[in-house]
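**Student:** So the chains spell out like this:
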Amino acid sequence: MTERKLGRGVAIVGAGMSRFGTFPGRASRDLFVEAFQAMRESVDKGLDPRDIQIMYLGNYSSDLFEGQGHTAPLMADWVGLTPVPALRVEDACASGGVALRQGILAVASGLYDIVLVGGVEKMSDLPTERVTDTLATAGDVLYEIPAGFTFPGFYAAMATAYMDRYGATPESLMAVGRKNHENGALNPKAQFSLTIADIMAKKIAGAEKRGRPVPTWRDEMEFLHDHQANPIISWPLRLFDCSPITDGAAAVLLVAADLARQFTDAPIHIIGSGQASDVALHDRPDPTVIRAAERASHQAYEMAGIKPTDVKLAEVHDCFTIAEILASEDLGFFERGQGYIAAEEGLTRRNGPRPINTSGGLKAKGHPVGASGVAQAVEIWHQLRGEAGARQVSGTPDLALSHNVGGTGQTCVVHIYERR
Amino acid sequence: MTERKLGRGVAIVGAGMSRFGTFPGRASRDLFVEAFQAMRESVDKGLDPRDIQIMYLGNYSSDLFEGQGHTAPLMADWVGLTPVPALRVEDACASGGVALRQGILAVASGLYDIVLVGGVEKMSDLPTERVTDTLATAGDVLYEIPAGFTFPGFYAAMATAYMDRYGATPESLMAVGRKNHENGALNPKAQFSLTIADIMAKKIAGAEKRGRPVPTWRDEMEFLHDHQANPIISWPLRLFDCSPITDGAAAVLLVAADLARQFTDAPIHIIGSGQASDVALHDRPDPTVIRAAERASHQAYEMAGIKPTDVKLAEVHDCFTIAEILASEDLGFFERGQGYIAAEEGLTRRNGPRPINTSGGLKAKGHPVGASGVAQAVEIWHQLRGEAGARQVSGTPDLALSHNVGGTGQTCVVHIYERR
Amino acid sequence: MSPHSFTHAEYLAHLQNHVLAASRCQNCGELYLPPRPLCRRCFAQDMRWEELSGRGELVAFTVVHIVPSAMLEAGYDQDRPYVSGLVRLEEGPTISALITGVDAHHPETIRVGSQVRVVFPRGDQDPGPAPLVFEVVSES
Amino acid sequence: MSPHSFTHAEYLAHLQNHVLAASRCQNCGELYLPPRPLCRRCFAQDMRWEELSGRGELVAFTVVHIVPSAMLEAGYDQDRPYVSGLVRLEEGPTISALITGVDAHHPETIRVGSQVRVVFPRGDQDPGPAPLVFEVVSES
Ligand SMILES: [Zn+2]
Ligand SMILES: [Zn+2]
Numbered sequence: 001m002t003e004r005k006l007g008r009g010v011a012i013v014g015a016g017m018s019r020f021g022t023f024p025g026r027a028s029r030d031l032f033v034e035a036f037q038a039m040r041e042s043v044d045k046g047l048d049p050r051d052i053q054i055m056y057l058g059n060y061s062s063d064l065f066e067g068q069g070h071t072a073p074l075m076a077d078w079v080g081l082t083p084v085p086a087l088r089v090e091d092a093c094a095s096g097g098v099a100l101r102q103g104i105l106a107v108a109s110g111l112y113d114i115v116l117v118g119g120v121e122k123m124s125d126l127p128t129e130r131v132t133d134t135l136a137t138a139g140d141v142l143y144e145i146p147a148g149f150t151f152p153g154f155y156a157a158m159a160t161a162y163m164d165r166y167g168a169t170p171e172s173l174m175a176v177g178r179k180n181h182e183n184g185a186l187n188p189k190a191q192f193s194l195t196i197a198d199i200m201a202k203k204i205a206g207a208e209k210r211g212r213p214v215p216t217w218r219d220e221m222e223f224l225h226d227h228q229a230n231p232i233i234s235w236p237l238r239l240f241d242c243s244p245i246t247d248g249a250a251a252v253l254l255v256a257a258d259l260a261r262q263f264t265d266a267p268i269h270i271i272g273s274g275q276a277s278d279v280a281l282h283d284r285p286d287p288t289v290i291r292a293a294e295r296a297s298h299q300a301y302e303m304a305g306i307k308p309t310d311v312k313l314a315e316v317h318d319c320f321t322i323a324e325i326l327a328s329e330d331l332g333f334f335e336r337g338q339g340y341i342a343a344e345e346g347l348t349r350r351n352g353p354r355p356i357n358t359s360g361g362l363k364a365k366g367h368p369v370g371a372s373g374v375a376q377a378v379e380i381w382h383q384l385r386g387e388a389g390a391r392q393v394s395g396t397p398d399l400a401l402s403h404n405v406g407g408t409g410q411t412c413v414v415h416i417y418e419r420r
Numbered sequence: 001m002t003e004r005k006l007g008r009g010v011a012i013v014g015a016g017m018s019r020f021g022t023f024p025g026r027a028s029r030d031l032f033v034e035a036f037q038a039m040r041e042s043v044d045k046g047l048d049p050r051d052i053q054i055m056y057l058g059n060y061s062s063d064l065f066e067g068q069g070h071t072a073p074l075m076a077d078w079v080g081l082t083p084v085p086a087l088r089v090e091d092a093c094a095s096g097g098v099a100l101r102q103g104i105l106a107v108a109s110g111l112y113d114i115v116l117v118g119g120v121e122k123m124s125d126l127p128t129e130r131v132t133d134t135l136a137t138a139g140d141v142l143y144e145i146p147a148g149f150t151f152p153g154f155y156a157a158m159a160t161a162y163m164d165r166y167g168a169t170p171e172s173l174m175a176v177g178r179k180n181h182e183n184g185a186l187n188p189k190a191q192f193s194l195t196i197a198d199i200m201a202k203k204i205a206g207a208e209k210r211g212r213p214v215p216t217w218r219d220e221m222e223f224l225h226d227h228q229a230n231p232i233i234s235w236p237l238r239l240f241d242c243s244p245i246t247d248g249a250a251a252v253l254l255v256a257a258d259l260a261r262q263f264t265d266a267p268i269h270i271i272g273s274g275q276a277s278d279v280a281l282h283d284r285p286d287p288t289v290i291r292a293a294e295r296a297s298h299q300a301y302e303m304a305g306i307k308p309t310d311v312k313l314a315e316v317h318d319c320f321t322i323a324e325i326l327a328s329e330d331l332g333f334f335e336r337g338q339g340y341i342a343a344e345e346g347l348t349r350r351n352g353p354r355p356i357n358t359s360g361g362l363k364a365k366g367h368p369v370g371a372s373g374v375a376q377a378v379e380i381w382h383q384l385r386g387e388a389g390a391r392q393v394s395g396t397p398d399l400a401l402s403h404n405v406g407g408t409g410q411t412c413v414v415h416i417y418e419r420r
Numbered sequence: 001m002s003p004h005s006f007t008h009a010e011y012l013a014h015l016q017n018h019v020l021a022a023s024r025c026q027n028c029g030e031l032y033l034p035p036r037p038l039c040r041r042c043f044a045q046d047m048r049w050e051e052l053s054g055r056g057e058l059v060a061f062t063v064v065h066i067v068p069s070a071m072l073e074a075g076y077d078q079d080r081p082y083v084s085g086l087v088r089l090e091e092g093p094t095i096s097a098l099i100t101g102v103d104a105h106h107p108e109t110i111r112v113g114s115q116v117r118v119v120f121p122r123g124d125q126d127p128g129p130a131p132l133v134f135e136v137v138s139e140s
Numbered sequence: 001m002s003p004h005s006f007t008h009a010e011y012l013a014h015l016q017n018h019v020l021a022a023s024r025c026q027n028c029g030e031l032y033l034p035p036r037p038l039c040r041r042c043f044a045q046d047m048r049w050e051e052l053s054g055r056g057e058l059v060a061f062t063v064v065h066i067v068p069s070a071m072l073e074a075g076y077d078q079d080r081p082y083v084s085g086l087v088r089l090e091e092g093p094t095i096s097a098l099i100t101g102v103d104a105h106h107p108e109t110i111r112v113g114s115q116v117r118v119v120f121p122r123g124d125q126d127p128g129p130a131p132l133v134f135e136v137v138s139e140s
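Chains as they are written, first to last, in our numbering: chain A, 1 to 420; chain B, 1 to 420; chain C, 1 to 140; chain D, 1 to 140.
Just chain A, same shape as in the assembly (with noise of 0.2 Å):
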């Protein structure tokens, strides 16, 4: 079926988010009023709270993490937006993404023309392995995690398949990882705000300020081939193929196209959307592919009218080193097989021909479940208005794609988003 088009045009006018990390004795509701307080500083004409009609909330856990349901009430209360309709919207990692799916929804539905989107995440008062645990809840719990499978497992299972079908190595994947950390150093809200090689520095100069034995790493290869440095976690995955666990929240306001204008000279619109959802991973006929990204990015494209060549900027699910290969390749963006080449090749980096994840991307600005796919679209508001700062891409891109992926790929949104 031909993709239709959404009903009235919608446009991000204001994005922000809170700084991402650990945060012990902050919860959801402090975190969401840093995200929406910096979403408010960036409305170039001024945003009076009281204007917003509705607000959507993706989250993936509270329940699990802080032991909190009924989540969207209480942030829109803690941020001053009683009485206006809120409501929690899950599919797991892509909780924010399809948070913001149905904002454009609403604004399209013609009953709501001012929308708040925002996404939370409180992680880090859990035990890991109850971190763990609840990250495997988005598996099927009755006949995948019995087997064993944790969500690092999920996708390391997807790696060792890919790795067998085409040649790629533990290397190939330890080329996101450096990339994304060299995003992420200059991204002053990433939980990592350091490259690779920081962290090798910080980890010389802890262990010479305690009179610890000095490591001697090489290059930034040898560290990642430190058992001791980068565990694995499920292997081929290591520490440093992993996204860590985060706190964070993040708010985009979304207006109808034609109010645009009210609220700023440079709206980003959003011209392609498109979302699926797929079976559990053993019962798809090919781990490698998330079919759901796929599908998912072909209706984002036909929608936009446009070809995955004329993307020129993406902000890509990577929980895993190996999801940013996979992605690369279900997006279209290079040939099945070729995305973990594309990657060794550097063609992904930021000074790149398909710059992907100048964010830092989950693996280095962190990824507050329910968070990630709103602060993606704050990454892509920044970086097409050309205030990056120091990530910045260079000549300004003016299209740019967003691909946020929940659980193993049951769920995956896509959005396009435009400078005009």
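Please keep in mind that the hints were generated in silico from the structure rather than gathered at the bench.
Glycine residues also receive a C-beta, built at the ideal position from the N, C-alpha and C atoms.
Incorrect hints may have been included.
To be verified - Ranges of calculated distance between the beta carbons of each label pair, as one might list FRET restraints:
1. A/Ala-390 / D/Ser-53: 53 to 61 Å
2. B/Gly-389 / D/Asn-27: 24 to 32 Å
3. B/Lys-5 / D/Leu-31: 46 to 54 Å
4. B/Gly-46 / D/His-18: 40 to 48 Å
5. C/Glu-51 / A/Lys-209: 40 to 48 Å
Mind docking chains B, C and D with the ligands on chain A? Use the hints.
**Tutor:** Relative to the frame of chain A, chains B, C and D with the ligands by itself:
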């Protein structure tokens, strides 16, 4: 502001629910399949499930009840809808009604014509105290729950304030429970297809069979005053003032109004929809008013162009008996302080002037949290089409309302339905 | 003043020091209990902590017999119920709290409108699962 | 046949009897593992249980070092990792399972494409947290 109309008309052309009850060994997916099949069988001219374009799922906390997140694509797969977009909507006990509202917006947006709205909750796997804990997460877990409040506790506090203000008594509340069991007794899918008198007879028969002392209640009121038979949960609420722990699912099929006749000659049009949020209970000026319900119903009435007196039949959120009394005032059916008198006088009985909860309500039909809002629409579908069997309201009403509350009223969503 | 304060953690730290603290907006004067960092009336983010008198009035209450896990662990159950309530402080805000000084076994003797005052655990008494407790000091 | 069967509980009961069972649609012939009550191909609800051979091929795998709570309790940890994998049965469907008969400490020796067969706990051996286990019987 004047409430707007939807960009496109929306109609229900199919609706069904699973049996409600406690079903050991049956997971959410099994309940959802049953509801889906009931919905499918209700479509007069047949439904090819492949024509469904998106699925919304109301679910409160599969996370805590079943340890399962990312429930929407899983349910979509289990009924064969993959790869359509599938997302979960959460607003505590209002999750189902809010999912319905999002389904309506999806049609109104012009992007979708045929939308499945489901709701599901599997609650009975947990021990009672953990169900109590889980339901309490709908309150503010930082500021309300450490005060010892449970979910019945919140509504019990509203009841003490209401009783103090207006002179209502525990017996006023009992009138609501008796009425809803009378209705539930006529609903074969209800968890309690039994009047209070039926329950008394069953207990007497059971005692006789086991050779235990046989209770000698004179009437229903004596039974309801018996501390053994009807223990206090949270004073003044007793067991028969509280909705039970329930497993169940429900599903409705929404289509653009101009397509409705392809599916049935008797579609039910959704002519009004409203939603609002509120702060925590302690933060409201008056604990005897659910302001979100007042506001959501005002929106819905205005969109539908009707007055409260036009409503022939209502399914309201009687998670507790006091909640039904407050709802009957919040919705404008009765003046403030008159709701309990109306209940005592039987005005809300099935054959009274203002029938409320002909399905048996959450009390007797059961309250699988995320399914309840959708199941309300299922009852209205049956009643407005004159297909409610033994509990059919006479004269086949043409205008009905559903009222679904999340938490203590931090969310309320109201819909108005019309047979044309 | 860090814009990142007025968290629940800071509120609890005040309580542990026997201070019931609210946040007051320095822009419009609104007082918040629970404390919050952002004013929902004027949207300023300029709060200060302010100690409350701890005196107030019982607005609503319940006697909880079917208790949550935390209270079960603290020794409450169906036969040993406790009272939770909403307390309107004399400074204005209303808060949820555990209520003592009443007879949980005779709920009909508990009165909406009763005067209450905050009580803190004495010495190194365990504060238990409920960090905020008010005691009924006189009937209305 | 009750339309309410083909649940996970019934599947587990079969496994406890050392039967790996799938559901087959009697209308279109599609075979489902995990079993399911409703056919997603033809939408019929007319399934029958069918025992599988338990022979298959390893499609993908991983060696899990950071383990979930259930596996931690079963004695696995960072230094005692286990292998999870996707197994394509010879009858067609693919399922998630614990994989034995491989050296978890030398993942580079584990081969995608290896032949596997289902193994059940012997006698009254504890089945552990993973109810479905396949053993590698030969390399591809
Ligand atoms: Zn203020
Ligand atoms: Zn079939």
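**Student:** So does B/Lys-5 sit 46 to 54 Å from D/Leu-31, Cβ to Cβ?
**Tutor:** This hint holds: roughly 49 Å between Cβ atoms.
**Student:** Falls inside 53 to 61 Å, the C-beta gap from A/Ala-390 to D/Ser-53?
**Tutor:** For A/Ala-390 and D/Ser-53 the Cβ distance comes to about 59 Å; the hint holds.
**Student:** Can you let me know if the beta-carbon spacing of B/Gly-46 and D/His-18 is within 40 to 48 Å?
**Tutor:** 43 Å, holds
**Student:** Take the C-beta atom of B/Gly-389 and the C-beta atom of D/Asn-27, compute their distance, and say whether it sits inside 24 to 32 Å.
**Tutor:** 30 Å, holds
**Student:** Would you say the C-beta atoms of C/Glu-51 and A/Lys-209 sit inside 40 to 48 Å of each other?
**Tutor:** Distance hint for C/Glu-51, A/Lys-209 holds at roughly 42 Å.
No hint from the list above goes unmet by this structure.
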